[in-house]
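Colleague: Listed below are the residues making up each chain.
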Amino acid sequence: MSNNFVYVTYIYTTPKKVWDAITKPEFARRYWVHYNVSDWKVGSRWEHQNGDDSGKIMIDGTVLESAPPRRLVMTWTRPDHSKEPSRVTFDIADDDVLPGLVRLTVTHDQLEHDPAMASSISGGWPKVLSNLKTLLETGKSENIWLIKKQEG
Amino acid sequence: MMAKLTTEPTIYVIYIATTPEKCWAALTESEFSKQYFFGQLIEGDWREGGRIRYRMADGSEHIEGEILSYEPPRLLRFTWRIVSMPALRHLPDSIVSYRIEDAGEGVVRLTMMEEHPEGIDERLLGGGRSGWPAILSGLKSLLETGAAPKIAPPTLPQAMIDYMKEHGA
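Residue numbers (our numbering), protein chains in the order written: chain A, 64 to 215; chain B, 10 to 178.
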């Protein structure tokens, strides 16, 4: 049985909006709470920063591939570098049939060295990506449990 | 070629801004299912031991099974037999469950699990793994926006097509 985590979600939106939601802090903080900071060039560092604006780095890594608005690949590293990095790939595709529908596939792999991280991300991605779909389809970010929990 | 059998389940978790009752209705009533389940109509004799079916829009049966757990609005668990495709009719029953949990104010967590207790050819797992995200994405859109995008069934994975050719499709 593989450690790889794959999550597919269909979102009624554009590839550009999905790309921006992943890469722009002001967008990401509305559904992910924390947000991602980088210039998103291949070889650049990226940081997953705490949404409380403390500047605390939750996760960091290196951008491996960057092809806006279709594909983003990066390493996913604990900030203390206590474990080998894993890898996250975002594939943003148009649905084969329905115009205006985006199929987003998030693949988190190379987790063999960090079972605790594998467990954590398999619970986390469905929350993050459910929130992303809600925000892009309804424009709402209130009444989403993750944000309420953060504020409460 | 020896078939490689697997009992590995497929699990899909999705968070939806709705109530458990509305999520349950969307899962079990055909006027909702036809909007997000590739046009299919769910029907059931809603009790443990009762029959459950998904019919195509033309009325023909696609899925047929027996209800194992019926606990509205929290858990529906049933056997799953694909009767519309001759190459898949011989398969042992799979089990599908929908579990609805509270996940904060106004939000539920829906967990779909597709189990294969007797083992199936691993090439068949791709069918559910491509289909469930499309179905449950549509369900979430329907409950949150009032409309589901008309998502078409994803193209069957090549490995599954190969299997069906070997089994008389």
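In case anyone wonders, no lab produced these hints; they're calculated from the structure. For every residue, glycine included, the Cβ atom is placed at its ideal position computed from N, Cα and C. Just to be clear, a hint being listed does not mean it is correct.
[Said to hold, decoys possible] For the chain A half of the interface with chain B, some residues (derived, Cβ under 8 Å), not all of them:
(1) THR72
(2) ARG134
(3) GLU175
(4) LYS190
(5) LEU199
(6) THR201
Colleague: Look at each hint and say if it fits the structure.
Modeller: Hint check:
1. THR72: It holds, given that the least Cβ distance between THR72/A and chain B is near 5 Å, below 8 Å.
2. ARG134: Constraint on ARG134/A not satisfied, violated at 18 Å.
3. GLU175: Since chain B brings no Cβ nearer than about 17 Å to GLU175/A, farther than 8 Å, the hint is violated.
4. LYS190: With Cβ-Cβ at 6 Å, under 8 Å, it holds.
5. LEU199: Since chain B brings no Cβ nearer than about 10 Å to LEU199/A, farther than 8 Å, the hint is violated.
6. THR201: Holds. Min distance 6 Å.
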